[in-house]
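> Now for the letters of each chain:
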Amino acid sequence: MKDFMFIFRGPSPEDLNLTPEQGQAHMQKWFNWIGELSAKGRYVGGDPLVREGKTVKGKKPVATDGPFAEGKELLGGYVIIKAESLAEATELAFGFPDFANEGSVEIREIVKMPMSS
Amino acid sequence: MSPGETQPTQQLVDHLFRHEAGKMIAVLTRIFGIHNLELVEDTVQETFLKALQVWKFNALPDNPGAWLMQVARNKTIDLIRRQQKLADISSELQVLLLSDTENTIQQFFLDTEIADSQLRMIFTCCHPALSPEDQVALTLKTVSGFGVQEIARALVSNDAAIQKRIYRAKEYIRTSQVQFEIPSGVALAQRLEIVYTVLYLLFNEGYSSMKADELIRYDLCAEAMRLCKLLTEHKVVAQPSSFALLSLMCFQASRFESRIGEDNTIILLQDQDRSKWDKDLIALGYRFLNQSSTGDHLSVYHIESAIAAEHCLAPDFASTNWYALLRLYDYLLECKPIPIVKLNRSVILARTASVGVAIDTILDIPDIRELLNRHYIYAAVLGHLYAQAGNSTESRRLLEKAYDLTPSLAEKKLLQDKLATIH
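Chains as they are written, first to last, in our numbering: chain A, -18 to 98; chain B, 1339 to 1761.
So that you can see chain B by itself, here it is in the shape it has in the complex (with noise of 0.2 angstroms):
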């Protein structure tokens, strides 16, 4: 650029890094193996510190993304030529490594083979040996390219616990010989349930924490989509479930901003302005919601999409359709018969029959007496339910309780709020 001329500030696209970072990821941990991550993780960074310094004073290469992604690929052939790290690398694949380093290379970083490795990635963070937290934190640092401190504060924990579970989760893949790939027939099936479950903890951690700050959450359920939709283009893995997780999340989404007032406080379903719910994102939703509807397996994110759609199809809280809604929670109790959606089905009974009703569904949940007294929102539900049928001594004690149980400011706000009116 010449002296005096003037060019407009330049901008990267939001989270590209994040983004590139588990795609250079993905794509070096195939050729390298997964027990060389680390030897891919210094790779990857190094990229990054090498478009810091580059970037800093010059234009912006046009397309940013392609430039990660050739350097990543020169620094893979400068490792493959001083053959380092070779010794452990499949020696089918070593052969063509080594006699056409560069073709080889090349098909690696091809669009459609990037995502395969994405979803390598995906897979293995998902081994059936790690548990659900450890799955939860490798995935984030690998696939989705989160530090140590983002996740520590997305799933509002310490910095140490986290690197001792990513450092845990990475020793077993390490160790165990865990081969990086889809997995095919039955082995599928299972363990893109696992997926599906990893991605839709990520989500409810961003969409129902209340503990961490608003950024991190909404960053967590746009990650979680993000994958949900990696999967949803993927041939083997475009399954029927894939997208009906993907259309629940859309849902659920649409009314991020207005579930949640000023002050961070908690607007519930039936107070929420659905003016301000977000038209494209349920748009989306039955998008995906329709094009779950082949084959003939019902999963429980068929049906949990369904009921979320059914509030979105109201045009006020008056106009819900509870019957409709109960025929879901009737079909969701039998796949998932679990208390929280007992609970929720005492709600719709409210509705549909009465108050007492719902009252005494709740009271014939297993283990209930437990089950107040552990978890705030079986006793707080309970409570709201009293006050309905005018019990406030039952209402006001339960409440309370609740109140001491949640952890979260913004619970205890509303809970507060609601106190306030038992008399």
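Looking at chain A on its own, in the form it has when it is part of the complex (with noise of 0.2 angstroms):
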């Protein structure tokens, strides 16, 4: 199998301005995913990212603020899973709960170092 990387994008949970019973549902909602992905087998890890960051970037590289990404294209965090084909790993990304939040997942192969021996 091949692992393939889930990163997230869409409104961070406080931007979402949750009470505590709709922060509770919202979070029962990735436990369900994540343990239907664990159940195949097929969870690797992830984890959240600070919103806040830095990028480096330039010919004389420079460091500024950000990016301040706003709403839905906001880089949220990432998950790690395994799968036979991109398809395959696609149709896992389906269960992914914050679609109505204006989220989104972006599905990438990992490429790995062959084997040395």
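Since the hints were derived computationally from the structure, they do not count as laboratory data. Owing to the predicted nature of the structure, the values given are computational and were not obtained by experimental measurement. Virtual Cβ for every residue (Gly too), placed ideally from N, Cα, C. Just to be clear, a hint being listed does not mean it is correct.
[Stated by the list, open to error] Covered by chain B, per the in silico footprint, the following chain A stretches (three or more residues, Cβ under 8 angstroms):
{"id": "1", "region": "9 to 18"}
{"id": "2", "region": "33 to 42"}
{"id": "3", "region": "84 to 91"}
[Said to hold, decoys possible] Facing chain A, according to a computed beta carbon distance under 8 angstroms, are these residues of chain B, among others:
{"id": "4", "residue": "1354"}
{"id": "5", "residue": "1356"}
{"id": "6", "residue": "1386"}
{"id": "7", "residue": "1393"}
{"id": "8", "residue": "1485"}
{"id": "9", "residue": "1488"}
{"id": "10", "residue": "1613"}
{"id": "11", "residue": "1615"}
{"id": "12", "residue": "1748"}
[As the list claims (entries may be wrong)] Straight-line Cα separation of at most 30 angstroms, BS3-like style, residue types lysine-lysine; simulated pairs:
{"id": "13", "chain 1": "A", "residue 1": "53", "chain 2": "B", "residue 2": "1388"}
{"id": "14", "chain 1": "A", "residue 1": "63", "chain 2": "B", "residue 2": "1739"}
{"id": "15", "chain 1": "B", "residue 1": "1751", "chain 2": "B", "residue 2": "1739"}
The task is to assemble the complex, starting from two chains supplied on their own in separate frames and drawing on the hints.
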């Protein structure tokens, strides 16, 4: 099986202004999805990303604040899963709980170093 | 977790966030003061955001509630260290907080102190200067962790109106130097009466309102019971009346399922399937009623609970002890000489005396014409009694009036069915 990265974009929870009950319901959707991936033996791990960051770029590189992506463009976190193919990985991404909140999932295969022996 | 290892889907205890929100808001308010409620609510919100972020991808901590408390505690320590908002804190506490931050804060997060803070919050929300509607809305927001939309749904209001109520109540508390405390002496007894009223309102809003959806109504009843239970667990307010109110709620709640049929229709007491009454709740009701039988003060909650217990005792409607009920209603009328109690008592009179006596008793209620024109329940009850007495003209007139007066579709359906039987 190959490894794939799910890259999540969309509003962060603080933009959604959830009540405690809504927050818990939101969390439960994530538990259900990650739980399903785990049950199939496909979940490797994942992490959320802190909203604020820096970018370094340019021929004479300089550090700037940001990116200040808004709403649906905001990079929120990633998950690594196992799948047979890009098609199957894509299928698994349909369980992502935040489509209704303008969230999206980018699915990319992780290139692995060939085994050296 | 290593890849390929499976784990069962994680699940949080129902309403964990709501309940923990209430606890955290209470504890932090005790530290920072009620005038800093905004800061407190923001800090609690940040705590939840942190949980949302971290728990999504990882295994839940063993004790999620304790984890949340820990994060809130650390955020509090941070705020103190940055010496923000300290200016308004009492100087006594300030010295302690600055000299021995961690230990001082830790004391506030002990279980007994959390319960104490929650009670202070309940008492603050029930400040006598606030209107009952504002007390209810503020309690749901700060004690129960309900959001504005959820409160609006539960109380069948709209977001803007609820927002306004909460804002107004908070402004009053912030600007009037209301103390964040459990009152003592005479003030305690007075304030406790308001707390009972608010909890009973909450419960009844959930139990009786046919307007809101079933799920949120159930939540309201459960929340009222949870808060009432908090009262019975705290030494200062574990008074006989607190137990009496809790037992009343248990008896009523035991019938929650059986009084609503399919399609949200109302099933009257006489037609309910008593095997569906929740026996565990009835047993709890008796237990708390027992615990309420100390001291020499008989509250209205004692009497109302005894009335509810009397219904639970009867294996079926026919074997209801109407004479015992009448005695209880006589007591209740002494403590609470209000029209609705008179109306309910007259229904009992129809069983112990005659339908004619019941009708006469209702017609003797002061301002009965006005009441019949404004509240569907008077017209509905009197209309039913006239039907039993064989006066179909009066019965029809009153039931049709009740039909026009009630906003509830379920009540309308019930009245319509009754009208169909009258010729």
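> Decide, hint by hint, whether the structure agrees.
These are the hints, each one checked on the structure:
For the region 9 to 18 of chain A, the assignment as covered by chain B holds, since 7 residues bring a beta-carbon within under 8 angstroms of that chain's beta-carbons and 3 suffice. Requiring three or more residues with a Cβ within less than 8 angstroms of a Cβ of chain B, the coverage given for the region 33 to 42 of chain A is violated, as only 0 such residues are present. Figure legend: the region 84 to 91 of chain A, annotated as covered by chain B; annotation inconsistent (0 residues with Cβ-Cβ distances under 8 angstroms, at least 3 required). Annotation: residue 1354 of chain B was flagged as interfacial toward chain A, and the flag holds, the nearest CB pair being 6 angstroms apart, inside 8 angstroms.
A cut of 8 angstroms between beta carbons decides the hint on residue 1356 of chain B: the least distance to chain A is about 5 angstroms, and the hint holds. Interface hint status for residue 1386 of chain B: upheld, as the beta-carbon distance to the closest one in chain A is roughly 5 angstroms, under 8 angstroms. The interface hint given for residue 1393 of chain B is met, as the beta carbon of that residue sits about 6 angstroms from the closest beta carbon of chain A, less than 8 angstroms. Contact between residue 1485 of chain B and chain A, as hinted, is supported at the beta carbon level, the nearest pair being about 3 angstroms apart and thus within 8 angstroms.
For the restraint placing residue 1488 of chain B at the interface with chain A, the shortest Cβ-Cβ distance is roughly 6 angstroms, inside the 8 angstroms limit, so the hint holds. About 33 angstroms separates the beta-carbon of residue 1613 of chain B from the nearest beta-carbon of chain A, more than 8 angstroms, and the hint is not met. Violation of the interface hint for residue 1615 of chain B is found here, the shortest Cβ-Cβ separation to chain A being roughly 28 angstroms, above the 8 angstroms cut-off. Given the 8 angstroms rule on beta carbons, the hint for residue 1748 of chain B is violated: about 25 angstroms separates it from the nearest Cβ of chain A.
Only pairs whose Cα atoms come within 30 angstroms are accepted, and residue 53 of chain A paired with residue 1388 of chain B is accepted, the gap being roughly 20 angstroms. Of the supplied pair hints, the one linking residue 63 of chain A and residue 1739 of chain B is violated, its CA atoms being roughly 67 angstroms apart against a limit of 30 angstroms. Between residue 1751 of chain B and residue 1739 of chain B the alpha-carbon distance is near 14 angstroms, which keeps this suggested pair within the 30 angstroms criterion.
Hint check: violations occur at hints 2, 3, 10, 11, 12 and 14; the rest are consistent with the structure.
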